[in-house]
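Make a model of the complete structure from these sequences and hints.
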Amino acid sequence: MRSRKSEVTIDKSKSKKQKIKLEYLFRLFLLPFYLVPWLCLEMLLPFSAASAQGIRLGVVRSPDNATQWSGITTRLSESGVPYCVVDLEKIKNVADLNGVTVLFLPNVESLTQEQTLALEAWMSKGGRAIASGPVGNLSPPGVRQMLRSLLGAYWAFPLSEPEALQPMRTRTQEWVRQELTGTIHGGVIIPTSLNSQTAATWTISDSPPAVVTTNRATFLGWRWGVNTAASAQLDLGWLKAALSRYGNIAQAGVSPPPTSANCVAPGALPNVAAAPRQTPTTAVRGSGGAGERGRGRAGEQSPIANRQSPIANRQSPVDPTERVATAGIRVAPNGEPIAPKEAIAMRQELQNLLGRVESAILAVNSASLNTGVQVAGGAAEPGRKETISISSSSTVASTSPISTQNTALGTLQNAREVLQAFPQLIAKRDYATARSQWLQARSNLWNLYPTSSPIVQSEIRAIWLDRGSIVQAGSERGLAKIFDGLAQAGINTVFFETVNAGYTIYPSQVAPEQNPLTKGWDPLAAAIKLAHERGMELHAWVWTFAVGNQRHNAILNLSPDYPGPIISAHPDWANYDNQGRMIPAGQTKPFLDPANPEVRRYLLSLCDEILSRYNVDGLHLDYIRYPFQDPSRGSVYGYGKAARQLFQEMAGVDPMKISPSNRPMWQKWTEFRTSQINSFVAEVSHMARQRRPNLIMSAAVFGYPVQERIQKLQQNWEVWAKRGDVDLVVPMAYAQDTNRFSQLTAPWLSSPDLSSTLVLPGILLLNLPEISAIDQIQFVRDLPNGGYSLFAFEHFSDRLRSIFNRTQGNNGASLKEPIPYRQPFASAASGFASLQREWGFLVQTQTNQLQMAEGMRSSFSTQGSALSTALNQLAQQPTPTNFAAARNSLKSFRSQFRNWMSQHSTQNSYQVQTWDNRLANLEKLLNYGERVLLNRPNSSATQR
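Residue numbers (the numbering used here): 1 to 944.
No wet-lab data here; the hints were simulated from the structure. From the three backbone atoms N, C-alpha and C, an ideal C-beta is built for every residue, glycine too. There could be a bad hint or two in this list.
The calculated label-pair distances, taken between Cβ atoms and stated as ranges, are [stated by the list, open to error]:
(1) P340 x H686: 49 to 59 Å
(2) D916 x R691: 37 to 47 Å
(3) S892 x Q648: 56 to 66 Å
(4) T228 x E179: 19 to 29 Å
(5) A853 x K891: 19 to 29 Å
(6) K341 x E161: 25 to 35 Å
(7) Q913 x A339: 26 to 36 Å
(8) E161 x K722: 38 to 48 Å
(9) P340 x K722: 32 to 42 Å
This is the structure we're talking about:
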């Protein structure tokens with residue numbers, strides 16, 4: 001379900017000028033406009049007294065750059081800059097960098113924690129660094145995070161072809177020379193620090209950073225010393241310019257003395273072996289359905305190899321299913337013109353953020369009311385708890401100096417004033433002020449999110465627990481620590497990776513082989529036990545038609561061409577593209593042929609084994625599709641032996657002979673493949689429900705528009721939802737900001753085709769700041785929706801976990817709320833109670849801020865009480881009679897809600913729309929409950 005690398009691939013469009021549309025990650029914490037003068041001053045300060053005495057340059061040699069070392073040293077010799085060579089493998093502590101004032105790390109992709117800590121200590125004493133290429137990208141997650149802090153940036157993803165580089169000479173970066181322009185094959189560098197500055201950009205769409213600097217580091221976005229990346233002239237020009245930031249460059253022919261045992265003259269070190277390219281042991285798990293976005297983790301080691309080494313495939317695949325959606329709103333503090341369309345988007349986004357923050361604050365404050373309070377316009381009962389104050393101590397970005405100077409009320413009011421002034425600033429063409437105020441208001445609102453107060457909310461809080469984390473746990477004791485943390489964070493549903501790349505995580509009697517890295521124990525049995533002991537549900541996450549993974553082969557020291565244990569045992573089961581390739585170009589996984597009866601029997605037997613041997617609560621289907629294709633570019637998949645034979649029998653023609661230009665026949669071929677997926681979902685759902693009537697069926701799916709999805713993936717999951725084959729649909733709406741996330745998810749959350757199916761948007765945590773994750777979750781909570789799912793556990797940061805512990809975990813909310821897919825009627829009752837608490841809070845605590853005409857309050861209160869009673873009766877006794885009463889009461893309440901709220905919505909339109917969305921969610925829960933509890937044969941209204 002994911003790609004192991006943190007590099008995001010790029011898209012290509014029809015126009016040559018826009019042939020590459022970069023989907024890169026922009027940090028949401030941009031440099032506040034007001035900080036620029038202070039940073040300018042800091043950037044002008046000398047880094048140490050050594051700068052006046054000449055630079056002592058150390059160049060790091062490692063197994064990563066061993067194959068490039070000849071080119072690197074040739075360049076350095078041509079530069080005339082004296083240097084010594086530092087052996088990375090000998091760096092144990094800060095003393096190993098003594099005598100070096102500037103350290104150059106050319107293309108060093110793997111560093112250990114010990115080496116990074118030494119680098120950190122050395123830089124804290126005045127050392128300065130120059131980095132090039134994907135530095136640290138193959139290191140463990142914690143090391144990568146440290147390097148991002150030290151270097152002020154990270155390599156996000158490579159460009160697919162050479163592009164022009166444009167230097168950016170400014171008053172604070174006078175070392176940048178305009179002649180340093182040229183064509184380079186590099187990658188996008190993402191700033192991570194408040195004092196990170198862009199020194200050069202790529203002259204393509206969005207002008208992403210190519211060189212990023214801080215006062216302590218310079219990051220070059222290409223592999224230095226590699227002829228296919230950049231010319232010697234550009235390499236040397238940028239290196240000398242970067243060195244000039246830190247002091248005087250010594251005269252040619254003057255060699256710095258080796259002042260430590262690990263800083264030696266060029267040529268003094270013996271040749272170092274290059275990092276193995278075909279037998280890596282550092283884990284880079286393969287991409288997949290729910291996690292088809294960049295990932296990376298160390299810790300999975302081959303039982304064969306005894307030395308950890310970097311992965312073989314250094315380039316990200318170009319599989320479009322592995323992309324993360326670029327940010328929908330990207331605003332930098334500058335004076336460039338703001339186009340009308342951009343201005344509208346900026347204003348709308350700030351308005352929506354204001355609404356989301358107010359919604360979060362109201363939910364927290366109303367949760368402090370006595371849970372028995374009568375609220376639908378009536379009086380609150382005695383015993384109401386004290387209102388929670390939202391202050392800087394309970395914010396996410398509490399390090400911002402702004403957060404300590406503004407009250408919640410003042411911040412909200414300031415955001416409204418910015419919204420009012422924004423159009424006038426645009427009309428005056430004062431774009432710099434407009435951007436500055438917008439960024440400041442957004443930062444202040446982010447700071448206002450409550451992260452220390454409990455949330456009382458019935459919702460699905462799911463997480464994908466990936467194979468790599470399971471392998472790293474190593475035992476039931478190790479898994480127990482994971483489940484302890486998840487329970488404390490309020491997670492109630494775990495998608496446990498059970499079948500991956502053709503291997504089972506457990507000892508199977510059906511599958512050819514258990515994953516070699518879990519042999520000797522049964523992680524699935526242990527996980528079920530641990531989850532149930534903690535009141536959590538565990539759903540078996542199964543790769544369906546994808547049954548191999550080149551990246552997983554690397555972990556196991558297998559050939560990249562190994563198709564996995566299933567296709568190796570049954571070659572006739574394989575699927576192919578129109579070029580006869582089992583793995584399409586740019587992708588990493590072979591697929592089975594869904595039209596093959598033997599394949600279907602095998603997969604059904606495998607799922608049946610899981611359900612019969614293990615007490616899992618659900619079955620979560622991943623890779624329930626064909627690989628990505630683009631018929632308009634001649635890329636088509638699905639030509640397995642069985643599929644070709646069956647289609648020819650049906651249509652009288654070999655599909656290999658059909659062209660997209662033959663529309664009628666091409667449509668038949670597309671429908672044929674789509675029907676293979678649809679019918680299999682129906683079969684596995686029927687089998688599962690026969691064996692386990694209360695089992696929850698779910699699928700990780702893509703949210704492309706329907707026709708595009710059918711043409712490119714043959715995945716028509718709306719059909720599964722309408723038929724009731726699945727209970728949960730989990731769209732992988734992976735985006736780097738809430739604006740883009742909303743564009744991907746909103747259509748499905750309000751789709752009438754999913755009126756009785758719960759939608760659970762997937763949120764990718766990789767490279768996503770905690771504040772952005774919280775903002776995306778709040779967006780989901782404000783729509784007709786049952787919860788969220790986080791991808792994945794390996795990216796679940798300690799900081800985000802700590803926030804969850806306080807807000808939704810055992811240390812936060814005191815009540816155990818029902819899980820919507822398991823107790824939909826109880827969840828509906830709980831959801832309406834939450835709405836009543838909010839209305840009651842506005843009436844009682846906020847001096848009657850629920851604006852409503854006096855003549856309407858009585859009917860609002862009366863019908864609210866009647867609906868509350870009907871929902872609670874249905875939750876306690878889920879009978880058809882009680883269901884009809886609750887549905888009719890909800891329908892009546894909703895029909896009048898907008899009229900009741902007409903006065904309040906004039907000043908609080910987002911709030912009223914959110915309440916209406918949550919009422920719509922109650923209707924969806926009733927529809928879902930009717931299907932799974934009242935109409936499904938042998939179903940039960942209660943859980944185990």
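Right, here's what the structure says about each hint:
1. P340 x H686: 49 to 59 Å: Holds, at about 53 Å.
2. D916 x R691: 37 to 47 Å: Check passed, 40 Å falls within 37 to 47 Å.
3. S892 x Q648: 56 to 66 Å: holds (57 Å)
4. T228 x E179: 19 to 29 Å: 22 Å Cβ-Cβ, so the 19 to 29 Å window holds.
5. A853 x K891: 19 to 29 Å: Cβ of A853 to Cβ of K891: about 23 Å, so the range 19 to 29 Å holds.
6. K341 x E161: 25 to 35 Å: 29 Å Cβ-Cβ, so the 25 to 35 Å window holds.
7. Q913 x A339: 26 to 36 Å: holds (27 Å)
8. E161 x K722: 38 to 48 Å: At roughly 43 Å between Cβ atoms, K722 and E161 fall inside 38 to 48 Å, so the hint holds.
9. P340 x K722: 32 to 42 Å: Given range 32 to 42 Å: holds, Cβ gap about 40 Å.
The structure shown violates none of the earlier numbered hints.
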